Amino acid sequence: MKPCVYLNGLYLVLLTTALYGCKKFVEIPPPVNQLNINSVFNDDKTATAAVVGIYSDMEFSSPISTYLTLLQGLSADELTSTSEDKGYLDFAGNTYMPNNPYAAAVWAIYVHIYKANSCIEGIQHPGALSEATEDQLLGEALFSRAFCYFYLVNLFGDVPLVTSTDYRINDTLSRTPTSRVYQQIITDLGNAQNLLKPAYPTEQRVRPNKWTATALLARTYLYMSRWADAETQASAVINAGAYTLMGLDSVFLNFSNETIWQLMPVNPYLNTQEAAFFIPGSPTQIPVYPLTGSLVKAFESKDKRMQAWTGNTVIGSQLYYYPYKYKITGGSPLNEYHIVFRLAEQYLIRAEARIRRGNIAAAVQDINKLRSRAGLKVLPTSLTKDQAITAVQQERRIELFAEFGHRWLDLKRTGKADAILGALKPSTWRAAAALWPIPQAQRSANPHLTQNNGY
Amino acid sequence: MKFIFVVAVTACLYANTGGFAQTIDVRPRSGDSAPTFIDLHGRVVDENGKPLSGATVTLKGTSIRAITGSQGKFSIRADSGQTLIVANAGYDDREILIGPDNNLTIQLELSLASLLNTTVVNKGYYTTTQRLNTGNVSTIKAAEIEEQPVGNPLAALEGRAPGLFVTQSNGLPGAGFSTQVRGQHSILAGNGPLYLIDGVPFTNNSISLVAISANGPQSPFNSINPADIESVEVLKDADATAIYGSRGANGVVLITTKKGRTGKTKLELNVYTGSGKITRMQDLLNTRQYIQMRREAFANDNLSPDIYSAPDLTAWDTTRYTDWKRMLIGGTAHITDAQASLSGGNAQTQFFLGAGFHRETTVFPGEFADSRGAVHFNFTHSSPDDRFKATLTVGYTTDKINLIGQDLTNFIRLSPNAPALYDTSGKLNWSEGGAGFSNPLAYLLQKSNATADNLLSNLVLRYQLLPGLDLKANLGYNSMQLQQEFIYPGASVDPMYNFTGFAEYSENNFKSWIIEPQAEYGTSWGRVKLELLAGTSFQQQRTNGSITYASNFSSDALLGSPSAAGNVSVANNNTLYRYQAGFGRISLNWGDKYLLNLTGRRDGSSRFGPNRQFSNFGAIGAAWIFSKEAFIKDNLPALKYGKLRGSFGITGDDQIGDYQYLNTYIPNIYPYQGQAGLIPAQLYNPEYSWETNRKLELGLELGFLDERIVATVSYYRDRSSNELINYTLPVQTGFNSIIRNFPALVQNTGWEYQLNTTIIKTKRFTWNTSLNVTFSDNKLLEFPNLASSAYAANYAIGHSLSIVKLVHQTGVDPQTGIYHFTDKDGHLTSAPSFPDDYVVIKDLAPDLYGGLRSFFQYKNFSLSIFFQFVKQKGFSYVYNNPTPGSMSNQPAEVLHRWRKPGDITDIQLYTTTNPGAAAYYYYSYSSDGAVGDASFIRLKNAALTYTLPAEWSGRIKTGSIKVFLQGLNLVTWTKYKGGDPEIRNSFTLPPLKIFTAGINVIF
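So the protein sequences, as listed, match chains F and B. Numbered by my numbering, the letters in the first sequence go through residues 1 to 455 in order. Numbered by my numbering, the letters in the second sequence go through residues 10001 to 11003 in order.
FYI, nobody ran anything at the bench for these hints, they're computed from the structure. Treat the numbers as computed from the prediction; the structure is a model and nothing was measured. Each hint should be verified, as a subset may be incorrect.
One side of the interface only, derived from the structure: several residues of chain F facing chain B at Cβ under 10 Å [stated by the list, open to error]:
#1 53
#2 54
#3 124
#4 127
#5 128
#6 132
#7 443
#8 448
#9 452
Where is the CB? At the ideal position from N, CA and C, for every residue including glycine.
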């Protein structure tokens, strides 16, 4: 039996070794290219990198940089599509359905909200961040969250308001009323204004400052018809002294002093996605997303913006116009950044708010700043209120075309969508199309999500 | 702690060798022998009288033995009246009573009956014989691999073993092979078997970082020289795999490399060369047919072609014809393979030294090739008393693959009248008549190069501590290094776009080690034999790599140098996997009649979160050799061998990727203002754990007529539960999914048949066959709330995991000429909606597969013929096919299109636009019209060998000379509409049909 004793002993040794040694053996450190979440927010540098990650992510193959301008332009009366892609054609005709892949892509703005929430939680966790960094980063993250919700709520109506990172809670959240989402946007922006400084944290205005939060707040108040607040916030930006209107050829360059916030291109093969989408690849190619005839006609003759900001090409006997605010299709030279907020919009916000409050003369002065730059004759201060409203909408349409969907949201908030788009797309427009459909796949994944009317 | 232990065991093994060798030597020494002993000399020969080297001659009842030398000679000191036992693998043992004659010639008969007894079945940690095996193990021997002119050893396994389904991803060198043992078990985790080469874990998962290469991700097995392989064992059931615990769920493939053998030093040279062409690809329209199609399409659409919609009709020469299929993939690949080996040894020490070179070009135009050099070394030493044995095996290969980024099969559909490829100045041409085209030769400039270095080494130490008790340690190390570059020059793009080139460079290092100390104990009480095994396993795999994306070069000439790039970004790949286990086996054998085999393993893996790392696995296997029972012997004398076996056990699957449970941030690869942003890697779920796989097997093995007919039938049922899936989350959670265990249940059942027959066996002529057939069935049995999950569109309860859900097409409307579909209610529709109308289910998994090998030998000629067969469905050429009538060439099938009202056909009218194009879109992407029969029978392999008569080879002082012809994928019979039915994709290069001729010389 001696061998058995040996064997038992050996087996015991082996198993003990196995059980004793292995516990630690299989507990491995995180990989060198990953950081544990706790250590990310324990250090100014890595915490900053986490917030910067929000922007590089927004700019790289994100719905924000890729689709907001294009899809809203197609939905409104700015762009048409010559592409065979049914997903885009459905936006041009407002016939999108819950299975539209691009509507689903836009809904994925929530990935940025997660990142902002993760930063907000991480930064607020008592840690080792310096106070100045903590304020700056928290302000940026709150701004980013508000910015994302602004588009979600305007495009889809009620949307789930997610303010934490716990998927076990978030995966069943139902849609929050629009007013409550707006309330959160205003709260976040108010906090961001207090936390952020007027100075940009880095060069080139690629991370938001106090005035960026203010600019979005001005826009938000405008959309809520809180005219006095909108005027106050817009004035704050205009009077900050940091921004001036630029010549038409410089507005969309990365050093433009008109820019309030721009996203820096990160894809080495692109300046902006807009240039890649809109500018035909060769002189013989039909532009994939040409401007609508209606928009081309809306330009007053002699408007220098026609020359400076649109391009055209003749294919066959057909003349096509396309947006040409951004002009560089490849990755180099890297001179054009993705401008999200610029001063011109603040003038237009203030003008509209002033008209609504009866101060037409001051409003017309704001509008005329842009008309003068475009080489157009100035408007008289004697306009009636209705004329002034029409004038400011016309100016918004031309000044802000093919930029982050201003036109689509303007048509909706001013109640003109039915009249204008109904006339332009008589066979396909329907009132319910003003809100994009909640993506089908999202409703499958979260049965608590209701669909918008008409889908 | 564990390292100290390992070192101690190893040191102990080394330290004790010398001592024991001196003290326990039972062999007689000169002077010890009694005067009656005689010096006996003899010679052992085979049935043809040829000497057998390496045969063992043992004096019965003693440990005295001798081993025959190169001429089959031996000498042994024995007493007359004693008995000699002469044994050689593959031959019947013979007992010889020693008479007065002291110079014997002993002839051995090639054994049939003993094959089952002597064929050693490697089950990884232990071996058994085919007869006594309680589990299901299929073996593929070197002889079957050597007769196939393949570059990748996995290619040699196609159709060779029941339950093993191997498919090639494309016909380019370095292409991947997918391997499944008994079907798909896991929805999300890996489904490949565990590979062990001489006990060292190897991976079939590519370590490619550069994603752009015509052959897809590089197959790690392309770094294994098929000529170095002695045998491949496929472990399938719970009895065989449970000892591999969490990694056994998908089966285990054991690869054993060649070892030195006792006997005369042998130098073997083997050289072959040959050529290959694609197996099959549909014929496409010629220019006349193509132009007619285009014009008819415009006429059908009531459109007139212009330079934008139809440059082929308006700007290009409508009479020019280029056969793009022939030009781009119609070339001949050249294959050259040379192997040399030196092997031999004496009773104590054996060695094997091999070197090989393999080069394979492609069917593409231009010089692209895969060249591999390999060396393989094996050294075995035993102490004179056989108590200590060390085996060292080292293999090193370097493999260089020069290819291009794109598979040119993608471009054979170019308009057959597309412009000339070169302009008058000899530069690439990009347009004609003012209309541009995408010049396919430009892709030849987009180079994708890879160099793979692979070092695989293994040391096995074995020491007999006490009679019956052996200590053993298996120490292995594998290092794979893959360097890749992809060069995309600006010159490969139409200059009109003013494109500047870019490049990607990567290096990925995969290093793994394994340490497995073990103890084995064997004893017997009367007819009962007991074997015990216990061991532990420590393993680590580390991957370190990076990929550099470089752009903004000032010149194409500098694309090879990242430092010349204006814009560089880098991504890292770093992973660590650690694995630990304790395992054991208890085996009971009652008179070679009743067999019981218990195996178990406790596993820990770093792929799971804290507290979820460990789990237990085990199996019970039993066999009854009923042919040993008296009532069988009496009543069924023809049945020489009959065994009933069964096993049940639990294995696991941890192929989920590393670190998936961590709550971490990772760098975003594109920096923002020079700063690399950090983004959350995934949602945090520390809770997930192993998939468990319960395997049940029943087998019946029968041998008739002196075991000239051996039949095996096995039934298996594998059920995988606790499935790891990407559980769908609404994106409002920040991610689309999270990995978690899910109570889905996947079942694989099947019947495996193997029939080996020796039909004729005479001295001059031999004919034997080996047939294997597998019927397999895969079913998703349970998946709670499937309809609301992300998998709703992919799976259905009661169906295989390989299904596709499609729209039903009702054919071409005889009036309009356009495809019609039915919606979920059976109503006709022209625009089906996803996913509601996708209700037709087609299973793309194979229903049946197998192979039939016949081997004939007549005098000096031998012929081996192997047929592979698969019954399956697959996407036909229609899948992803551009609309017939659009500016893309078409298979000749489309000529039978609808032309006028009343035509009944299954090809719709030619069209370039809606609604015909939209209907075709649904037809080609997502209707049942795109799926058809993809079954095939293939003359996969044939090898004709002629051995030069011994007197000829003797004249030039060699042992033997053979000349041979070999072929691969020679003939394919199929009804498949498309390219090759194995590939089942018309835009991927088919496998090659290869002919080679070669010579084998042994000195």
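Evaluated hints:
The interface hint given for residue 53 of chain F holds, since its Cβ lies 3 Å from the closest Cβ of chain B, which is under the 10 Å cut-off. With 10 Å as the threshold, the beta carbon of residue 54 of chain F comes within range of chain B, its nearest partner Cβ sitting at about 7 Å, so the hint holds. At a threshold of 10 Å, the smallest CB-CB gap from residue 124 of chain F to chain B is about 16 Å, leaving the interface hint violated. About 14 Å separates the beta-carbon of residue 127 of chain F from the nearest beta-carbon of chain B, more than 10 Å, and the hint is not met.
A distance limit of 10 Å between C-beta atoms decides the matter here; for residue 128 of chain F the minimum to chain B is near 16 Å, and the interface restraint is violated. Among the interface hints, the one on residue 132 of chain F is violated; its C-beta lies about 18 Å from the nearest C-beta in chain B, farther than the 10 Å criterion. With a cut of 10 Å, the hint placing residue 443 of chain F at the interface with chain B holds, because the nearest CB-to-CB distance is about 8 Å. Among the interface hints, the one on residue 448 of chain F holds; its C-beta lies about 9 Å from the nearest C-beta in chain B, closer than the 10 Å criterion.
Given hint, residue 452 of chain F at the interface with chain B, is violated; its Cβ is 16 Å from that chain's nearest Cβ, farther than 10 Å.
Hint compliance for this structure: hints 3, 4, 5, 6, 9 are not met, and every other hint is.
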